[in-house]
Amino acid sequence: MNAINTIPVTVLTGYLGSGKTTLLNRILTEDHGKRYAVIVNEFGDVGIDNDLVVDADEEVFEMNNGCICCTVRGDLIRIIDSLLKRRNRFDAILVETTGLADPAPVAQTFFVDEDVRSKTTLDAIVTVVDARHLLGEIEKAHEAQEQLAFADIILINKIDLVSEQELAKVEARIRRINPTAVLSRSERCQVPLDQVIGRNAFDLDRVLELEPDFLEHFHDHEHDDHVTSFSLTSNEPLLPERFFPWIQSVAQHFGIDMLRMKGIIAFEADDDRYVMQGVHMLLEGNHQRPWKPEEARLTRIVFIGRDLPRDIIENGFRKCIAGEEGRLG
Numbered sequence: 001m002n003a004i005n006t007i008p009v010t011v012l013t014g015y016l017g018s019g020k021t022t023l024l025n026r027i028l029t030e031d032h033g034k035r036y037a038v039i040v041n042e043f044g045d046v047g048i049d050n051d052l053v054v055d056a057d058e059e060v061f062e063m064n065n066g067c068i069c070c071t072v073r074g075d076l077i078r079i080i081d082s083l084l085k086r087r088n089r090f091d092a093i094l095v096e097t098t099g100l101a102d103p104a105p106v107a108q109t110f111f112v113d114e115d116v117r118s119k120t121t122l123d124a125i126v127t128v129v130d131a132r133h134l135l136g137e138i139e140k141a142h143e144a145q146e147q148l149a150f151a152d153i154i155l156i157n158k159i160d161l162v163s164e165q166e167l168a169k170v171e172a173r174i175r176r177i178n179p180t181a182v183l184s185r186s187e188r189c190q191v192p193l194d195q196v197i198g199r200n201a202f203d204l205d206r207v208l209e210l211e212p213d214f215l216e217h218f219h220d221h222e223h224d225d226h227v228t229s230f231s232l233t234s235n236e237p238l239l240p241e242r243f244f245p246w247i248q249s250v251a252q253h254f255g256i257d258m259l260r261m262k263g264i265i266a267f268e269a270d271d272d273r274y275v276m277q278g279v280h281m282l283l284e285g286n287h288q289r290p291w292k293p294e295e296a297r298l299t300r301i302v303f304i305g306r307d308l309p310r311d312i313i314e315n316g317f318r319k320c321i322a323g324e325e326g327r328l329g
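Under the UniProt record's numbering, read the sequence shown as residues 1 to 329, first letter to last.
Warning: the hint list may mix true and false statements.
[Said to hold, decoys possible] Here are the computed distance ranges between Cβ atoms for each label pair: (1) K34 with E294: 37 to 43 Å; (2) H287 with S163: 46 to 52 Å; (3) R185 with E236: 37 to 43 Å; (4) K34 with L167: 28 to 34 Å; (5) I312 with A269: 26 to 32 Å; (6) N25 with E171: 21 to 27 Å; (7) I312 with E164: 37 to 43 Å; (8) I312 with Q195: 34 to 40 Å; (9) G74 with S163: 44 to 50 Å; (10) H32 with A296: 38 to 44 Å.
Hints are computed from structural coordinates only; laboratory data are not their basis. In this text, all values refer to a predicted model and were calculated from it rather than measured experimentally. Just so you know, even glycine gets a beta-carbon here, dropped at the ideal spot from N, CA and C.
All chains should be built: construct the whole structure from the sequences, respecting the hints.
Pasting the structure below:
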């Protein structure tokens with residue numbers, strides 16, 4: 001899925017005070033031999049994050065248009081386009097979002113603009129959380145839940161301020177929202193950088209190559225939380241002529257609340273695994289590789305979202321299964 005010679009992009013997100021800028025400064029000062037261009041997104045008219053970023057050779061661009069959203073996406077595209085004209089001056093791009101931002105439009109930027117898409121690769125969405133305050137924040141701040149939901153990698157920071165029992169509760173709470181992200185623990189964001197950058201974690205194809213059963217063993221997480229996850233499975237193959245209109249309909253009707261979707265689909269009369277993922281209304285999928293003889297041809301789809309109507313989505317999904325009667329509602 002990733003093109004050769006594209007520039008990798010890592011998105012750093014996390015709620016206010018979690019340690020994003022600390023992690024960013026670590027990346028910029030570590031002796032790793034890489035050169036980074038940095039895009040800092042601020043909330044409000046006066047930017048301060050740019051002043052908190054350490055002095056380095058990296059290019060720092062500041063966006064003061066409030067939370068990154070659809071209106072700011074154009075600014076992000078313009079900044080990236082400007083950067084790409086000087087791509088020989090850096091090896092990768094870091095985007096640090098405000099603590100109040102929804103990271104989805106950032107991720108979507110690297111797919112909706114063809115020029116950006118052809119020259120960059122979204123490496124991972126990394127969410128930093130404050131282990132001491134997460135459980136209190138998460139019930140009051142929907143942004144904190146959504147940042148967890150979008151994450152490919154979650155860095156649980158400030159673990160020195162909590163007990164092992166409290167840390168276990170934090171991890172369990174995170175898993176209720178996002179059952180697929182990779183979790184790492186840290187004090188003051190002291191974590192091997194190869195755990196957060198250069199991971200190619202947004203590429204579901206690659207993740208599945210490394211862990212073929214990545215989506216197999218996640219159970220439904222049904223709670224009264226703002227953001228929850230659930231999975232749909234089928235041992236029978238799906239009909240592509242039903243599946244694609246259905247998943248597009250889901251994205252169209254529930255895309256605002258569908259934060260992330262990841263799936264492996266087994267189609268009837270198709271010897272290849274089809275891998276698909278979504279961010280809000282944006283869907284992307286392709287044939288990954290042939291099913292191996294020892295593999296069970298099992299369809300597995302994980303949805304993470306805000307109050308998604310599981311019964312409606314599951315009903316439509318069942319109608320995509322070969323042999324099922326009924327028309328798509």
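Going through the hints against the structure:
1. K34 with E294: 37 to 43 Å: holds (39 Å)
2. H287 with S163: 46 to 52 Å: Holds, since H287 and S163 (Cβ atoms, about 47 Å apart) stay within the stated range.
3. R185 with E236: 37 to 43 Å: holds (40 Å)
4. K34 with L167: 28 to 34 Å: Holds, at about 31 Å.
5. I312 with A269: 26 to 32 Å: The hinted range 26 to 32 Å holds for I312 and A269, with Cβ atoms some 28 Å apart.
6. N25 with E171: 21 to 27 Å: holds (26 Å)
7. I312 with E164: 37 to 43 Å: holds (41 Å)
8. I312 with Q195: 34 to 40 Å: Given about 38 Å between the Cβ atoms, the range holds.
9. G74 with S163: 44 to 50 Å: With Cβ atoms ~46 Å apart, the hint holds.
10. H32 with A296: 38 to 44 Å: holds (41 Å)
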